[in-house]
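*Asks:* Chains as they are written, first to last, in numbering that gives the first Met the number 0: chain A, 0 to 614; chain B, 0 to 400; chain C, 0 to 252.
Keep in mind that the hints were calculated from the coordinates and are not lab data. Virtual Cβ for every residue (Gly too), placed ideally from N, Cα, C. Incorrect hints may have been included.
Unchecked claim - Think about it this way: if two alpha-carbon atoms lie no more than 30 angstroms apart in a straight line, the pair counts; the simulated DSBU-like pairs of lysine-lysine are:
(1) K268/A - K185/B
(2) K382/A - K267/B
(3) K382/A - K399/B
(4) K268/A - K221/B
(5) K288/B - K299/B
(6) K268/A - K160/B
(7) K189/B - K268/A
(8) K382/A - K185/B
(9) K267/B - K221/B
(10) K382/A - K395/B
(11) K382/A - K118/B
(12) K185/B - K395/B
(13) K189/B - K221/B
(14) K299/B - K341/B
(15) K399/B - K372/B
(16) K165/B - K268/A
Unchecked claim - Each pair of labels, with its calculated beta carbon distance range:
(17) A311/A - D63/C: 53 to 63 angstroms
(18) A162/A - R107/C: 34 to 44 angstroms
(19) P53/C - R135/A: 55 to 65 angstroms
(20) P157/A - T385/B: 40 to 50 angstroms
(21) Q77/C - W436/A: 30 to 40 angstroms
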Amino acid sequence: MDLSFVAIQALNGLASASSLFITACGLTLVFGVTRIVNFAHGSLYMVGAFTAATLVPWMLELWFGPVSFWLGIVISALIVGLLGVVIEVLLLRRIYGAPELFQLLATFGIVLVLQDLVVQIFGPQDILGPRAPGLRAPVEILGRRFPSYELVLIAAGPAVLAAVWFVLRKTRFGTLIRAATQDREMVAALGVNQALLFTGTLFLGAFLAGLGGALQIPRVAANTGMDLSIIAECFVVTVVGGMGSVPGAFLAALIIGQLQAFGILIFPKSTLVVVFLLMAVVLAIRPYGFFGRPEILGGTHAVGIASRKPMARGTLLATIGIVLLACLPLIGDPYLLKVATEILVFALFAFSLQLLIGVGGLVSFGHAAFFGLGAYGSALTVKWLGAPMEAAFPAGLLLAALGAALIGAFVVRLSGIYLAMMTLAAAQILYAIAFQWVEVTGGDNGIVGVWPSNWVAGRSAYYLLTLALTVITVLFLKKIIESPFGYALRAARDSEPRAEAIGIAVRQQRWLAFILAGAGAGIAGSLYAFSRGSVDPSLLGIPTSVDALTMLLLGGIQTIAGPLAGSAVLHILRDQIMPLTSLWRLFLGLSIIGMVLVFPRGLVGTIRQWGEDRA
Amino acid sequence: MAKTSMTGWLALGVALALGASAAQAQTAPIKIGELNSYAKQAAFTVPYRDGWRLAVEEINAKGGVLGRPIEVISRDDGGTTGDATRVADELVTREGVSLLFGSFLSNVGVAMADYANQKKIVYIAAEPLTDAITMAQGNRYTFRIRPNNFMQVGMLVEQAKASGAKRWAIVAPNYEYGQSAAAVFKRLIKESVPGAEIVAEQYPALGKIEAGATVSALEQAKPDGIFNVTFGPDLTQFVREGNTRGLFEGKTVLSLLTGEPEWLLPLKDEVPEGWIVTGYPWDEITEPKHKAFVDAYRAKYNDTPRLGSLLGYMVLYMIRDTIERAGSTDTDAIIKALEDAKFDTVAGTVTMRGIDNQSSMGAWVGKLVLKGKSGGMSDWKYNDGTSYMPSEAEVKAARKD
Amino acid sequence: MSLLAVERLNKAFGGVVAAHDVSFAVERGEMLALIGPNGAGKSTVFNMIGGQLPPDRGAVLLEDKAITLASPQERFRQGIGRTFQIAQAFHSMTVCENVQMALISHHRESRAIWTEARQHHRRDALDLLSQVGMAEAADRSCSVLAYGDVKRVELAIALAGEPKLLLMDEPTAGMAFRERAALMDLTHSIARTRRIGILFTEHDMDVVFGHASRILVLLRGEIIAAGSPAEIRENAQVRQAYLGNAPALTGAP
Ligand SMILES: Nc1ncnc2c1ncn2[C@@H]1O[C@H](COP(=O)(O)OP(=O)(O)O)[C@@H](O)[C@H]1O
Ligand SMILES: [Mg+2]
């Protein structure tokens, strides 16, 4: 490797780092002030790119020159900033009172809505933006050509850092942002107009996302996959840097840029996994990233399962429910049974997450890891050992539990958003393995031919098997929730210092919870694999984790019936909307947003609240 | 008085309803199930849908097939294997469709093939490219129209031989399609160009290319030929960075699919001229049958036909011919009518090879040129697929049936 | 052998020295008060004894055994119970379940999964609750209690571990005057009957001088005086530094 090549590669890394930083910086600011993990940040980036790719050529047509180009970029970013304001005012503001996780759910909804809206407004085809006037020609660096626009990008990162620093240090708005990042309660107590502060922050965050996207147009055609491809990396940057820390984000982006530039030389196929490995390593060493700080123990009540009087006739109602479900094959057609089977599988999946989130307060963004491990464990046993379903089920369960034991060991040292991101990283690493270890896992085509044994090959039989396993696992997990083990887990959620002070080994308790939840998700994964006949990496992907979270949150994390109801509602919605229109993501997203607004504690939680209010 | 008239009306209504349903039984439409990623891959699937919709309209205007109109029941497959197989199940069990066609993504195609095998229903993959559909995961119920990876790479390697380049660099998206195309290329180039070596390989994640770094890395290896499999947003980035940095100068570049309007249109006037590609020069094909298709398509949609449009149009006509020859919608009869059958399509005569259910549809190979404000192909030639298909021995070794 | 011996504990947060060479001992059955203005470092000392914070230097000995780096869990097992300055209870549970939870942990049953937590040690829990005067509220949710009541529940939780040493960081903060006296009387009698050593901090001087057997005065992380209430009352340095030369520490309101 000669010097000029190393230098060019480092410059390439710097250019990527700058673009990443500009976008991620907005995410970290928004998180710092509002504590919202904004999944829609990537969507705002995408809107920025589409807007610029449409607006800038039009402006260049009016008057060709650098001024029109850069003005167009800034106007596009401003438009996205206003979109951020609209989102804040119309949606987020209404749910600040709700648990923080609920705001996350709302942002999932926004992601779906924007995906379809972008296609409707800008058309489905990629839009190649114009190159920057005056920067079309490359410059010569050490005898190699280097695009001059990339040099501008390299400068843009530090420029944005300086501008943000100025805003944070030298303006009243910035002082408030910093104060809110450090102690949200304090700002509220100081009588600051919180609504205005949040709107302003969302504007700034969205503006930066839009700027990040708009600056991409001379390099990348605006395309509909941009939102999801940037958001995961933005999360990595903000988490590695420390949530809420702008300099941290800058440093993290620099490291990631170089890692990618040089990583592809050593491991050309490692691209998917490198950034997540970095995040896992950093969090293992520094649990709050480079410059993050522990969340201040506030008086905010953790939400989740709470003690309540056992419902009168609860057992009777549950029994009736199970019997009715068992009678479904008598009236349902095969397709209904298939849908019912999938609902049960996802109900179990969401329920296993409930043990972590609702009971343990451990918000996992990577629960798909265990679902996927269960599915792959079964499928691999079938494929490589020729084992029957009866042997494949325990294998899936075992693999999921082992995976959970391993991942859990790293994760339980963390808390809050860092824990969530570590689980996400773990799931993404597994995803990359499933995706790239083609010889064993079949890569993205996955493994097919995972069909059940003869005695349950029929739809009704498999449905009943799923029902039986789901009911048994749910009852078992319910028992655990009410056992001393579950109480101790909840104790650690309610107050970690108190739990430690009465001798509860919090980390071990959580580690065991991960294993149990992982095993539960593993059963669901195995059931799913055999119901579908195939597995593929998407089972381990972020959308699968998001599904589990959505179901759980829709149903309500305070109740045991919540995840069951949530999975039924989401699955039925999707099943009903998808055949009706190709705008199904728009409608699904709107439905989720609508439910967040109407049922701020989840379906079951809110309905129960209504009941209690009336009583 | 009022009462009798009421009863009269009722009786009339019942009679009409009965009569209508009796008439319907004879001309009840033949239901065909279709699924594709219309939301997530709209840029490719919508033209494809326009293609088959045009065909349905034409066929039904001419009286349908077996005296019955064709009704295509179309669903979004969600772009995931889970949604696709569920939707397929709904089409089969609820709608009672006679056969299925569609899907865009390779992994969805593979899952659909397996589903077809399990549920014993015919599935025709129009677009997915992965060899697996007709090779390792191939089965009696699954058919494919489009020339697969192996065939298209084979056509490009032939060009590589002519170019004389020996030091090859590969850039391919890091997923099954890219990897298998790269693997086929490595194998075929060594077989047909003595002394050829692979000097660099880059596998950027799909949709996440670090174009600058990738171009520098390829440049560093000083190849005299580049084999490109990237497409979509990755391709535009790669082309821009490569052009600016002079990567392509003086090199032979082979590129899979880049000549298809799907990928050329977004490149606008920045097409990398001189690249040797497989593609679809829709505006230069002069066969009257094809011209008629293009005219009809443009008249109806006022849009450029894509390769997807052609495939959608072709697949529906092939389905019509199949059903007509089968004389029924019975699955076994349909399979019989498909295997080793010849079809007279807008793209010429196509044979559905029986041993692997891969059609012999070929591809257009030529050089990219800039024509006005967008790209096109020059010096192109239609290569019939027959001579590029995997050998029978290979098929037998790969397939389980 | 003292129950607890603290030797030259040091702790600094960045530039702030929260504890400097803090040494003292607590005897069985004794009520030792640690006083000092806000920010003096009282909670920091508590947290180093309770295991929530590791000291920079120094040693903590319980019955002559070094526990300086032991986790809070281990310290609980060895007989240290505590309450927090900001009351820490399990607010998703009922009052009784809070105490049951502590009993479950004390009996090392927190890994049990086949039994119902609610059925464990309910009677013992009710006993403890009636000692702190919270038996009536046993089945109410902890989240609806008044702050003073949560502090009482915390005391019951701490007692559930049958501690030898009880650390109470501002146990009466947030309580009405009458309540304070009652709680401290109760604590006092527990210390005496069970021979528990109690270390507490308190801002209410009536409480301090009324109940402490000895008093330590902490200022900017250093102990500036130690002695009986009478000695402390007379100590000029304390009056000067801590009490801003208040006329007298009589204990009158
Ligand atoms: N976790 C911490 N990080 C930084 N400084 C701290 C921390 N805890 C306490 N301090 C500082 O240490 C000093 C002593 O605090 P503390 O022990 O809480 O005092 P007290 O309990 O006597 O009011 C104060 O200046 C406080 O700001
Ligand atoms: Mg204190």
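*Asks:* Holds or violated: K299/B and K341/B, Cα atoms, limit 30 angstroms.
*Replies:* holds, 29 angstroms
*Asks:* P157/A and T385/B, beta-carbon distance inside 40 to 50 angstroms?
*Replies:* This hint is violated: roughly 59 angstroms between Cβ atoms.
*Asks:* Next pair to validate is K185/B with K395/B; report whether the Cα-Cα distance is within 30 angstroms.
*Replies:* Satisfied, since the Cα-Cα distance of roughly 22 angstroms is no more than 30 angstroms.
*Asks:* Under the criterion that the straight-line Cα-Cα distance not exceed 30 angstroms, is the pair K268/A, K221/B satisfied?
*Replies:* holds, 20 angstroms
*Asks:* Below or equal to 30 angstroms on CA atoms is what counts here, so check K189/B against K221/B.
*Replies:* holds, 19 angstroms
*Asks:* Hint check: K165/B vs K268/A, CA-CA at most 30 angstroms. Holds or violated?
*Replies:* holds, 24 angstroms
*Asks:* Hey, K382/A versus K118/B, does the alpha-carbon distance stay inside 30 angstroms?
*Replies:* holds, 20 angstroms
*Asks:* How does the Cβ-Cβ distance of Q77/C and W436/A compare with 30 to 40 angstroms: does it lie in that range?
*Replies:* Hint violated: Cβ distance 49 angstroms, outside 30 to 40 angstroms.
*Asks:* Confirm or reject the claim that A162/A and R107/C have a C-beta distance inside 34 to 44 angstroms.
*Replies:* violated, 57 angstroms
*Asks:* Given the proposed pairing of K267/B with K221/B, does the C-alpha separation stay at or below 30 angstroms?
*Replies:* holds, 28 angstroms
*Asks:* Within 30 angstroms, alpha carbon to alpha carbon, are K288/B and K299/B?
*Replies:* holds, 17 angstroms
*Asks:* If you check the beta carbons of A311/A and D63/C, does the distance land in 53 to 63 angstroms?
*Replies:* holds, 56 angstroms
Violated hints, in rising order: 2, 15, 18, 20, 21; the structure is consistent with all others.
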